[in-house]
Structures are given as structure tokens and as C-alpha cells.
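Here is what each chain is made of, one letter per residue.
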Amino acid sequence: MPFISSGTRLVLLAALGLASTHALAVTPNPRFTQDPYPGTYRAIASGPVLIEHATVLTGAGERLDDADVLLQDGRIAAVGRALQAPADALRVDGRGKWVTPGLIDVHSHLGVYPSPGMSAHSDGNEATAPVTANVWAEHSVWPQDPGFHAALAGGVTSMQILPGSANLVGGRGVTLKNVSATTYQAMKFPGAPWGLKMACGENPKRVYGGKGGPATRMANVAGYRAAFIDAAEYIRKNTVKPTPKRKRWFSRPSGGDATDSSGDSGGKRDLKLDTLAAAINGDILVHIHCYRADEMATMLDLAREFGFKVAAFHHGAEAYKLADRLAAESVCGALWADWWGFKMEAFDGIQENILLVDRPANGCAIVHSDSSEGIQRLNQEAAKVMASGRRIGMPVAPERAIRWVTSNAAKSLGIDKVTGTLEVGKMADVVLWNQDPFSVYAHAEQVYVDGARVYDRNDATRQPESDFMLGQGDAKEGAL
Amino acid sequence: MRAFKLWEPRRWERLRWERHPAASFPSGAVTGKELAAGRRSHQARSHLGWCGPMAALALALSFAGHALAQDVLIRNATVHTADIRGTLDNTDVLVRDGRISAVGSGLSAPAGARVVEANGRPLTPALFGGITEIGVEEVSGEAATVDSAVSLRETQPMRPEFDVTLAYNPESTLVPVARVEGLGFTLLGATTGGSFIAGQGGVVRLDGGADTIGPRALFLRLGSGGIELSGKSRAAQWMLLDQMVSEARGRVPVDSPHALLTTAGRATLARYLAGEGRIVVAVERAADIRQLLRWAGREGVRIAIAGGSEAWKLAPQLAAAKVPVFVDALGNLPADFDRLGATLENASRLHAAGVAVSFAQSGDASHNARKIRQLAGNAVANGLPWEAGLAGLTLVPAQVLGVDKELGSIAVGKRADLVLWSGDPLDVIHVAEQLWMDGTSIPMRSRQTELRDRYLRQAGALPRAYTP
Chain A
0 MPFISSGTRL
10 VLLAALGLAS
20 THALAVTPNP
30 RFTQDPYPGT
40 YRAIASGPVL
50 IEHATVLTGA
60 GERLDDADVL
70 LQDGRIAAVG
80 RALQAPADAL
90 RVDGRGKWVT
100 PGLIDVHSHL
110 GVYPSPGMSA
120 HSDGNEATAP
130 VTANVWAEHS
140 VWPQDPGFHA
150 ALAGGVTSMQ
160 ILPGSANLVG
170 GRGVTLKNVS
180 ATTYQAMKFP
190 GAPWGLKMAC
200 GENPKRVYGG
210 KGGPATRMAN
220 VAGYRAAFID
230 AAEYIRKNTV
240 KPTPKRKRWF
250 SRPSGGDATD
260 SSGDSGGKRD
270 LKLDTLAAAI
280 NGDILVHIHC
290 YRADEMATML
300 DLAREFGFKV
310 AAFHHGAEAY
320 KLADRLAAES
330 VCGALWADWW
340 GFKMEAFDGI
350 QENILLVDRP
360 ANGCAIVHSD
370 SSEGIQRLNQ
380 EAAKVMASGR
390 RIGMPVAPER
400 AIRWVTSNAA
410 KSLGIDKVTG
420 TLEVGKMADV
430 VLWNQDPFSV
440 YAHAEQVYVD
450 GARVYDRNDA
460 TRQPESDFML
470 GQGDAKEGAL
Chain B
0 MRAFKLWEPR
10 RWERLRWERH
20 PAASFPSGAV
30 TGKELAAGRR
40 SHQARSHLGW
50 CGPMAALALA
60 LSFAGHALAQ
70 DVLIRNATVH
80 TADIRGTLDN
90 TDVLVRDGRI
100 SAVGSGLSAP
110 AGARVVEANG
120 RPLTPALFGG
130 ITEIGVEEVS
140 GEAATVDSAV
150 SLRETQPMRP
160 EFDVTLAYNP
170 ESTLVPVARV
180 EGLGFTLLGA
190 TTGGSFIAGQ
200 GGVVRLDGGA
210 DTIGPRALFL
220 RLGSGGIELS
230 GKSRAAQWML
240 LDQMVSEARG
250 RVPVDSPHAL
260 LTTAGRATLA
270 RYLAGEGRIV
280 VAVERAADIR
290 QLLRWAGREG
300 VRIAIAGGSE
310 AWKLAPQLAA
320 AKVPVFVDAL
330 GNLPADFDRL
340 GATLENASRL
350 HAAGVAVSFA
360 QSGDASHNAR
370 KIRQLAGNAV
380 ANGLPWEAGL
390 AGLTLVPAQV
400 LGVDKELGSI
410 AVGKRADLVL
420 WSGDPLDVIH
430 VAEQLWMDGT
440 SIPMRSRQTE
450 LRDRYLRQAG
460 ALPRAYTP
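Line by line, the protein sequences are chains A and B.
With the first letter of the first sequence counted as 1, position 77 gets the number 76 in numbering that gives the first Met the number 0; the numbers rise by one all the way through.
With the first letter of the second sequence counted as 1, position 40 gets the number 39 in numbering that gives the first Met the number 0; the numbers rise by one all the way through.
Hints listed in this document are in silico derivations from the structure and should not be mistaken for laboratory results.
Don't take each hint at face value.
So the derived list for chain A, only partly shown, Cβ under 8 Å to chain B, looks like this [unchecked claim]:
(1) 337
(2) 341
(3) 343
(4) 346
(5) 350
(6) 379
(7) 385
(8) 386
(9) 391
(10) 394
(11) 396
(12) 438
(13) 439
Where is the CB? At the ideal position from N, CA and C, for every residue including glycine.
My request is simple: use the sequences and hints to build the entire structure.
Put into C-alpha cells, the structure is as follows:
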């Protein structure tokens, strides 16, 4: 690798950072995306931190050897060699260690299907009707799920919590920062758009086949279409019409919403249609559970029919069969490294799926978990993909692979302007690994969220524990 | 339908657990009509010459043709013997007539032997694939392809005589998928259907052969996972077990109206009570493991624990009773009230106390059997010595299952079931490069590599269906 002076690189990073600093570009239509349950997240105050002499994967495709990362005021302040730091900065020796952006999981059910998985905790599938766009996953989140802390120990700093896949439209997902809190509002990722969870294929037809349908894939599609037809109509009714020109100077205006001060002449607010309308408007990002290539193509046509965009297909066991089209249409594939065969629509899964989705120029491959176990080891999942690539002569460098669990994930969640890379100005969501993270032996040693050290493998005072785990006998440590 | 896989999460996690589809199929969910439709589509596929099974069949036949394996000399490997000799650097392994005939340095190749240069790469015994349903289930969500459990609730649910190995299909697509990752043998497990006594399984080598090796194992599920199958109390599991033991020991008249077991069931259970084969018990909670140890000691049976989230709490007792544990080394969450003490250090704590440790997965242990390497690697990352991690995938399960005379280590006289790796076999960043079974070099192909290669190619003038 040609040597680039640290100064040049720093300037480069800073320039990238400046272009994308501060608030999200998302400007939601308040009519459909009002938030009566607003986020109350506040970063934990912390002084500046300088991680020195580490191997740094920026998440933007770069690897910097023997580099420093400066965290200040909750932001990435600088990345480069031999950085100057404020006198009060905490210096962390990164020699032999690796630094990456905090990992992001775009498909988690932590909190909505928490541990322990008791019947009383089953809050992830509103399996009572095939279209439940009105429900919000955040209203099911139990912040005491011990799985959040386990994920944190795996380097996960943000995640999207989604409803399950029983329904054609499962409801709204929410993006959380992985911080300990008593309320989910205090975990809500500031400014992140909601996600809309939809599901293709076997699950909806299995759940509703005996309950009035859909019982077939064709009825699945009819169900989506009916819902979006309603949403399109809802948008029309809720669009403030311009006051028409008066035909005569003395005639009264008619037909417009000029006399409707609140602009809600469309009638009663409908929570279901609010969410679908916001998805059409692009204010809520659409995430679709979909395994088969042909069904993904159908969903892309559906999206075109109703004018919405698909942010990502999740699970997509056959995404590799459609990789070029996904890349051409800027649709991410949020995938597993190796799961397959547990049902017919997963029978064609291959271990190179992520690799092939990543291959086209504009490919957006994401390693996701859908699992309280997998979310703790997203780095290992990515390593498996790298190993499969090497086996067929398609090696992937660590600086590229890290994007699968950081920047690409951030992109699909609409939070890439503020997290997902170590570019200057972004949130200081950072992981210090004890070694190359793409190994079964790697441990996240320190995890920072907005510059605060919220996890430290070597410091028991920085290892959060759920209320649930307190007083459970000798659950973890005791002898006999 | 199977009510529970061995380590299945709760049923209400359905649909979230994309990878635990068995949980998603309550018995009433699939109608007869759907089943018939499934069969029809299966037949249609066969008529169309669907090539997956055919390819697997061809592959299996090609192995069967190798009555005499070619002799092989693997030179300059880092040989992980998996036994007390540990790791031997720059070592040669000679294979003759399908068996390991010499391990040493500077070995010369006999006439006609194939020579493989390892260049220092690791060579291990073919690995244990865990407790799986490889070959007894094809698509977990399709009941017509799943044979791992018996559910005769209305008649006589307690069926220890049920033997899942009779359903084993060596031509399953799961077999090549598993073995190209370096897995050479697996314990076929019976899963609980109508009773917490699941029935019997056995060891198969993943060489395409149809037969099991070694003794049978009897599978049993205790604790909350079996509550619905034992009158809604785990206490009743001991009540029912004790009664079955009484029947098997002949203390209950065969014509007793309260008999739980058939005549065949009595005979089967009697064999295990006599010390033939292991009773593999899926159990998680320390309190239940304590009862299990008392029961096993009282009845004099040989047991192994599968799962054992809280086994570390009883590590000294397990070591004293010589009870091995198949650990789910990724299970660290309090997934239910039986597993509040789950920790990533389970394997290392058990090993430190002298317990024999192997591995077994929760989740889809069959299709994704290859993930078992990741379990061992994570156990090592959390304190288990590396050599113990490898032994847990080789010699320990071979010993526990009574097949260690044949396989499980690189030693003269054993079957030449070997794997050459790109690097550390316990690290997911490395892969199996070549597998030998009985000294025969196995094509590193599976239905998945066929799919991969079809889509790796650039699209041509004809649809991809025309590519080989």
C-alpha cells in the first residue's frame, strides 16, 4: 500500500467529515411521522479520548496502520498518525489492537423477543392481522433485555429493532443506540428515521393460511397492493390542495383546503396509513424480509408501482441471484453468512451470498443477525464470508469487509451521515478490538458510544448488567 | 412434527427464529391437503429431473466404487493428533488401505501412493459435526422431509425403542454441505415428539455410507423443555422415568394396565440400564443436573449431558461421575429460567474441573452443522485450552460415543478420516481445503458449491439454467 502522509489523510478525512456533519438530512413529513414518544437519549458526558498506535478500519474503505483516533465532545475529532490531543485526554494504548466504527445490526429483535424468552415476553409479532402497519416495535421494547448488554460486549453500538415476520406488513421498526436505560425513549437514536417491516413468502401465508388468508404468495402480493392503494388514497386526501383560481373576481374559492386550517380534511387520522404513507414519501425506510430472488424482484416492482423505495431486503437467501439488480437499484442485502435450508425458501442459501451482493460496483452488502446470539458476533459472521471468498479466489480486505457491519448498515438505516464510519464530525461510536476483529478469538475490549466508554472488558465497573440479572443466585460467578 | 428439537427455543419465538422453523409448526398447522400438495410438488420435481439429489447420488456412488482407497502420503503438515501426543510440526502422515499406517518425519511414499504437500498447513482428524439430524431432515419446515421425532401421543407415547437412524438418508444434500467443511462424523439425534424420552440415535460417518458405527445412544430431555411432555411438571419426569426403569427391570408385570413401555421399549431401556450405550440427556438447569447425577448414580447408567448451560456449577460432581458434557459454547444469555447461569466460560470451567467437553449447537444444528467449529473457537477465546477445543471436536466425542477405536485422532491403525486446513481449524477465518474419508480424497463439492459456481459466472447468451 502506498504510503500517504498522515497529514494528507487527516485532511481528507476531515473534508469528508465536514461535508456530512451535524443533523440528518431527513426532513420527515410531520403529518405522517409525528413522534408523540420522542427520544430522550443524552450522551454520557466524557472527556477526550486518544486511542494511539492502532490499526484503524475507518468503515469508509480505508485501513490506517499505526494510527490514532481522537474522540472529543462525543464526536470523532481526528483520525491519523501522531495526533495532537488535549492535555486532559485519556490515552489508550492501541498497539497491536484494532479500531473500527461501532457495529450496527439492521435486524434485531432484542427487547421485543427478549431473554428470558417467556410467553409474557412474546412481543414481536402482532399476528392477528396480515397488515399491522399501525404497530410500532418500540412500544414492545423491554429495555432490561440482557441481550442488549451481550450485544454491546460484541461491539454493537446501534441496532434496528423490528417487528417479526408473521405479517405482510409487520409495523414500524425503531433504531436504538445500545445504551443502558430504563426507557426505550432514552435509547432512541437521535434523528433516525423509522423502518417499515414487511415480509414475503412463507411466513405470512403459513400464519394466515388457516385464518382467512393470505394463503398463497399471490394473495401476499394482493395484500400489499391493497394496503398501498389505501395509503396512496390517504396521501391524496391529506395533501393540502392549492386554492384554485377564482373564475370571476366576485366568485368564492371552492374545492381547496384554504378554509381548513389544519389541513386534515382527509378525515380521521389512521395509524396504519400514516406509516404506509410515510414509507411512500420516503420518510420511513422500507425493510423487507424476503428470501427468494423472484419474490425480491416482485417487491421491487411493487415498490415502483406505489412509488416507494426498498432500503434493504433481509435474509435474502437468494440475493446472490439478483445481485446486479439490487446494486443497480441501490437496494441493500442484509444477510446471514451461512444459514440455509430450514424452510423451502431458504433452501438455495449459499455461503458466498454476501460476497456476491458485495461484488457489483454499487453493491450494498450487510451482515445482519436476527438473533440474540448472532448479534454478539457480527465480526465473526463477516469473517466467515471473508473465508469463503478466499476459498474461491475472491479475497476481501478487512477495510472492505468492515463496511458490511458498519457503513453499509448505517446507509440502510438512514443514519450514515452521523455514524457508521470514523469520519471527523460523526458520532464517536467506536470499538477497540484486542486484535484483528475478523477472527473467532477477537474480543471487543472497549466500546464507546458518543465518546463515552460504555463497555470495557477489563474493567468490571464498565460492564453494564440488566436489572433482571441482579440477585439471581450465583448465576454468573458463584462456586457451588 | 417434532414438538422440540433438542435445544429449541420456546415455541412463541416462532417467526422471529427464522432458523428454528420447527418451532413454527404446531402439529395442527399443516393440513392433510397441504401435505398432499407438498408430495405432489415433490413428485413433479423428480419428473423434471431436479438435479440436486441426483448429483448427490452420483457422488455417493463414486465413493462406493472405491473399494480400495488410494494410498496417500501427506507431507510436512502441522499434525494435530488430538490425543496426548498433541501437535507435531513438520510431520508426515502415511495412509495405506484407508487407514493411517505411519505418523513421523521423512516418511517415504510407497509405489503408487499420491503425495500431498501440506507446506506446514494444519492436518486434523475429520471433525465431529455435533448432535444433528443430518440425513433425517432435508428441509426443517417441511414435515414430509423430517423424521427425527416420533409422536404417538394417543397410543403409547413413551418409545425408547424408536430408532431414528433407520430413516438416515446418506444422499441428503446436507451430507456434502457438512463434510466439505471438514466434518467427518455426527451423532444422529432423536428429538422429542410425543414424550420427553426421544428415542435412539447413533453415529454416522459422512462418507456417503448408509450404516451407523458404534453403539446406539438414547435421548432424553429434562427440565422446562420437557415439561409439556411430562404432565406439566419436571418432577413428573423423575416419576415417569422411575416407573419406566421399574418396567425395564422387570418389576412391573408386562400386562399391567399402567405400563408405560411396550415390550420392545422395555428391552431397549434394559440395554442402557445394563451399560450398553450412552443416555444423552438434554438438560440445562443446575438443580435438574443434580437430580440427574443422583438418578444416574442410583441406576448405574452411563450418561452424557447435552446443552448443560449451568453444568459448570456442578463441574466437580460431573468430573467425579465421569459425565461428559456437549456444551453449546455460544449460549450465554438467560434464554429461560433454566439457563440463568449461562456463560461463555462454561466449557473452560468444566474442562478445568476435569470434565470431558465436546460441543453441540442450539439452533439449526443440522443444516449449519459447520458452525460447530465456531463454538469450539469461542470456547477457546473464553478460556478453554486450544488442544481441549480441538479434542472436543474429535477425540472426546469419539470416546464418549464409543467409536474412538476407529476415529477421532491421528494415530496408526485408525481410519484415515483427515482434514487439511488453510489455517487454524478452530478459527472461522480459515476453511477446510481437503477432506479424506478412509483415505479417499473427497470432492469438495456440494449443492451449495454448484449454486455458487453457477452464479459466479458472468451471465451468457443463454439463461443460467443452461450452465452445467
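How about residue 337 (chain A): closest beta carbon in chain B under 8 Å, or not?
-> Holds: closest Cβ of chain B sits about 6 Å from residue 337 (chain A), inside 8 Å.
Satisfaction of the residue 385 (chain A) interface hint, Cβ to chain B closer than 8 Å = holds (6 Å)
Would you check whether residue 343 (chain A) satisfies its interface hint, that is, whether its CB is within less than 8 Å of any CB in chain B?
-> Constraint on residue 343 (chain A) satisfied, holds at 6 Å.
Return the status of the interface hint for residue 379 (chain A): holds when the least beta-carbon distance to chain B is below 8 Å, violated otherwise.
-> holds (5 Å)
Satisfaction of the residue 346 (chain A) interface hint, Cβ to chain B closer than 8 Å = holds (6 Å)
Have a go at the residue 341 (chain A) hint: is there a Cβ in chain B nearer than 8 Å to its own Cβ?
-> holds (4 Å)
Would the hint on residue 350 (chain A) stand, with a C-beta cut-off of 8 Å toward chain B?
-> This interface hint holds because 7 Å falls under the 8 Å limit.
Are residue 394 (chain A) and chain B close enough, Cβ to Cβ, to be under 8 Å, as the hint says?
-> violated (11 Å)
Let me know if the C-beta of residue 439 (chain A) comes in closer than 8 Å to any C-beta of chain B, holds or violated.
-> Given a least distance of 3 Å, the restraint on residue 439 (chain A) holds.
Mind checking the CB of residue 396 (chain A) against every CB in chain B and telling me if the closest is under 8 Å?
-> Where the cut-off is 8 Å and the nearest Cβ of chain B is about 13 Å from residue 396 (chain A), the hint is violated.
With 8 Å as the cut and Cβ atoms as the points, is residue 438 (chain A) at the interface with chain B?
-> holds (5 Å)
Is the interface hint for residue 391 (chain A) satisfied, with its Cβ closer than 8 Å to some Cβ of chain B?
-> holds (7 Å)
Checked against the numbered hints given earlier, this structure breaks hints 10, 11; the rest are met.
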